[in-house]
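From just these sequences and the hints, can you work out the full model?
2 protein chains.
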Amino acid sequence: MVKHNEPVVKENLRGGQGHVVLYPILTAEELMGHGTMYARVVIPPHCSIGWHQHVGNTEPYYIIKGEGTFVDHDKSRTTVHAGDICTIACGEWHSMENNSEEDMEMIALVINE
Amino acid sequence: MVKHNEPVVKENLRGGQGHVVLYPILTAEELMGHGTMYARVVIPPHCSIGWHQHVGNTEPYYIIKGEGTFVDHDKSRTTVHAGDICTIACGEWHSMENNSEEDMEMIALVINE
Numbered sequence: 001m002v003k004h005n006e007p008v009v010k011e012n013l014r015g016g017q018g019h020v021v022l023y024p025i026l027t028a029e030e031l032m033g034h035g036t037m038y039a040r041v042v043i044p045p046h047c048s049i050g051w052h053q054h055v056g057n058t059e060p061y062y063i064i065k066g067e068g069t070f071v072d073h074d075k076s077r078t079t080v081h082a083g084d085i086c087t088i089a090c091g092e093w094h095s096m097e098n099n100s101e102e103d104m105e106m107i108a109l110v111i112n113e
Numbered sequence: 001m002v003k004h005n006e007p008v009v010k011e012n013l014r015g016g017q018g019h020v021v022l023y024p025i026l027t028a029e030e031l032m033g034h035g036t037m038y039a040r041v042v043i044p045p046h047c048s049i050g051w052h053q054h055v056g057n058t059e060p061y062y063i064i065k066g067e068g069t070f071v072d073h074d075k076s077r078t079t080v081h082a083g084d085i086c087t088i089a090c091g092e093w094h095s096m097e098n099n100s101e102e103d104m105e106m107i108a109l110v111i112n113e
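Line by line, the protein sequences give chains A and B.
If you read the first sequence in our numbering, its first letter stands for residue 1, the second for the next number, and so on.
If you read the second sequence in our numbering, its first letter stands for residue 1, the second for the next number, and so on.
These are computed hints drawn from the structure, not numbers from a lab.
All figures in this text were calculated on a predicted structure; none of them were measured in a lab.
The reader is advised that the hints may include incorrect statements.
[Stated by the list, open to error] Listed below are the simulated DSSO-like cross-link pairs for lysine-lysine, each with C-alpha atoms no more than 30 Å apart in a straight line: (1) A:Lys10 to A:Lys75; (2) A:Lys3 to B:Lys75; (3) B:Lys65 to B:Lys10; (4) B:Lys10 to A:Lys10; (5) B:Lys10 to A:Lys65; (6) A:Lys75 to B:Lys3; (7) A:Lys65 to A:Lys3; (8) B:Lys3 to A:Lys65; (9) B:Lys10 to A:Lys75; (10) B:Lys10 to A:Lys3; (11) B:Lys65 to A:Lys65; (12) B:Lys75 to B:Lys65; (13) B:Lys10 to B:Lys75; (14) A:Lys10 to B:Lys3.
[What the hints assert, rightly or not] Simulated DEER-style distance windows between Cβ atoms: (15) A:Gln53 to B:Thr36: 25 to 33 Å; (16) B:Asn12 to A:His52: 17 to 25 Å; (17) B:Ser76 to A:Asp74: 32 to 40 Å; (18) B:Asn12 to A:Met1: 25 to 33 Å; (19) A:His46 to B:Asn99: 35 to 43 Å; (20) B:Lys10 to A:Asp103: 36 to 44 Å; (21) B:Asp74 to A:Asp103: 35 to 43 Å; (22) A:Ser100 to B:Pro45: 42 to 50 Å; (23) B:Asn99 to A:Gln53: 39 to 47 Å; (24) B:Asn99 to A:Ser100: 32 to 40 Å.
Ideal placement from N, C-alpha and C gives every residue a C-beta, glycine not left out.
Okay, here's the thing in structure tokens:
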């Protein structure tokens, strides 16, 4: 089956700045108990996903476009581009900021521990 | 942690034409038993992933660039573009062809039943 889901705008996601746009790929039900979210995420310039913890799951980010600033569990900050993979262990914290002048895009997958 | 995995070239993947390039995102181990493969896949012009079955798992494709032809379990053929999601049920068959003159790219996730 081929489908094309409608985007969802989230304001101040996880306490972040501005808004992000989620393009859902699979629902939790479609992930069949293995995870809770799978989506393309567009972060506009000077917007962010706030600092948040993953308890009982983890959320790798895979960058597909633009430039982001990944804030890791130890608060280290890394500039990331297309092809970069940002992982944390289950139980850890992270955030993602777009401090550039262009949209940045990534694939986010929340998988259970 | 931020990482950037090396691409892997696969000739005649699943019996397909030419080659495809896999950019691994997570290994089976990193998927913690929930799946076996998570990668960005680049299909060059006039190359394809051959017709194959998913027993005990499924593999949604999420198109991020270019134009592909998705061949579904019932052999129906659908032209797909960025933002399209191609799903099959566990146990079903599918393939993906690039009949265009530009690379097409997608995210492939193999998740267990």
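For each hint, the structure was consulted:
Of the pairs offered as hints, the one joining lysine 10 of chain A and lysine 75 of chain A holds, with about 24 Å between alpha carbons and a cut-off of 30 Å not exceeded. Between lysine 3 of chain A and lysine 75 of chain B the alpha-carbon distance is near 17 Å, which keeps this suggested pair within the 30 Å criterion. With a CA separation close to 19 Å, the supplied pair lysine 65 of chain B and lysine 10 of chain B stays within the 30 Å bound. Of the pairs offered as hints, the one joining lysine 10 of chain B and lysine 10 of chain A is violated, with about 38 Å between alpha carbons and a cut-off of 30 Å exceeded.
Taking the CA atoms of lysine 10 of chain B and lysine 65 of chain A, the gap is near 24 Å; set against the 30 Å cutoff, the hint holds. A threshold of 30 Å between alpha carbons decides the hint, and for lysine 75 of chain A with lysine 3 of chain B the separation of about 17 Å falls inside it, so the pair holds. Note on lysine 65 of chain A and lysine 3 of chain A: the hinted pairing holds, with a Cα-Cα distance of about 22 Å set against a maximum of 30 Å. Taken as a hint, the lysine 3 of chain B and lysine 65 of chain A pair is honoured in the structure, with Cα atoms around 16 Å apart against an allowance of 30 Å.
Proposed proximity of lysine 10 of chain B and lysine 75 of chain A is contradicted: the alpha carbons are some 38 Å apart, above 30 Å. Among the hinted pairs, lysine 10 of chain B with lysine 3 of chain A is consistent with the structure: their alpha-carbon atoms are about 27 Å apart, no more than 30 Å. Taking the CA atoms of lysine 65 of chain B and lysine 65 of chain A, the gap is near 11 Å; set against the 30 Å cutoff, the hint holds. Proximity of lysine 75 of chain B to lysine 65 of chain B is assessed by CA-CA distance (about 23 Å); at most 30 Å being required, the pair is judged to hold.
In summary, the hint linking lysine 10 of chain B to lysine 75 of chain B is supported, as the alpha carbons are separated by about 24 Å, within the 30 Å threshold. A distance of roughly 27 Å separates the Cα atoms of lysine 10 of chain A and lysine 3 of chain B; the hinted pair therefore holds under the 30 Å criterion. Separation of glutamine 53 of chain A from threonine 36 of chain B is about 28 Å and conforms to the stated range, judged on CB atoms against 25 to 33 Å. Checked against the hint of 17 to 25 Å, the pair asparagine 12 of chain B and histidine 52 of chain A fails, with Cβ atoms roughly 43 Å apart.
For serine 76 of chain B paired with aspartate 74 of chain A, a C-beta distance near 49 Å fails the hint of 32 to 40 Å. Range check, asparagine 12 of chain B to methionine 1 of chain A: about 27 Å between beta-carbon atoms, so the 25 to 33 Å window is met. Separation of histidine 46 of chain A from asparagine 99 of chain B is about 40 Å and conforms to the stated range, judged on CB atoms against 35 to 43 Å. A hinted range of 36 to 44 Å for the beta carbons of lysine 10 of chain B and aspartate 103 of chain A is inconsistent with their spacing of about 31 Å.
Hint check: aspartate 74 of chain B to aspartate 103 of chain A, Cβ distance near 37 Å, so the stated range 35 to 43 Å holds. Checked against the hint of 42 to 50 Å, the C-beta distance between serine 100 of chain A and proline 45 of chain B comes to roughly 31 Å, which is inconsistent with it. Hint check: asparagine 99 of chain B to glutamine 53 of chain A, Cβ distance near 45 Å, so the stated range 39 to 47 Å holds. The hinted range of 32 to 40 Å is satisfied by asparagine 99 of chain B and serine 100 of chain A, whose Cβ atoms lie roughly 35 Å apart.
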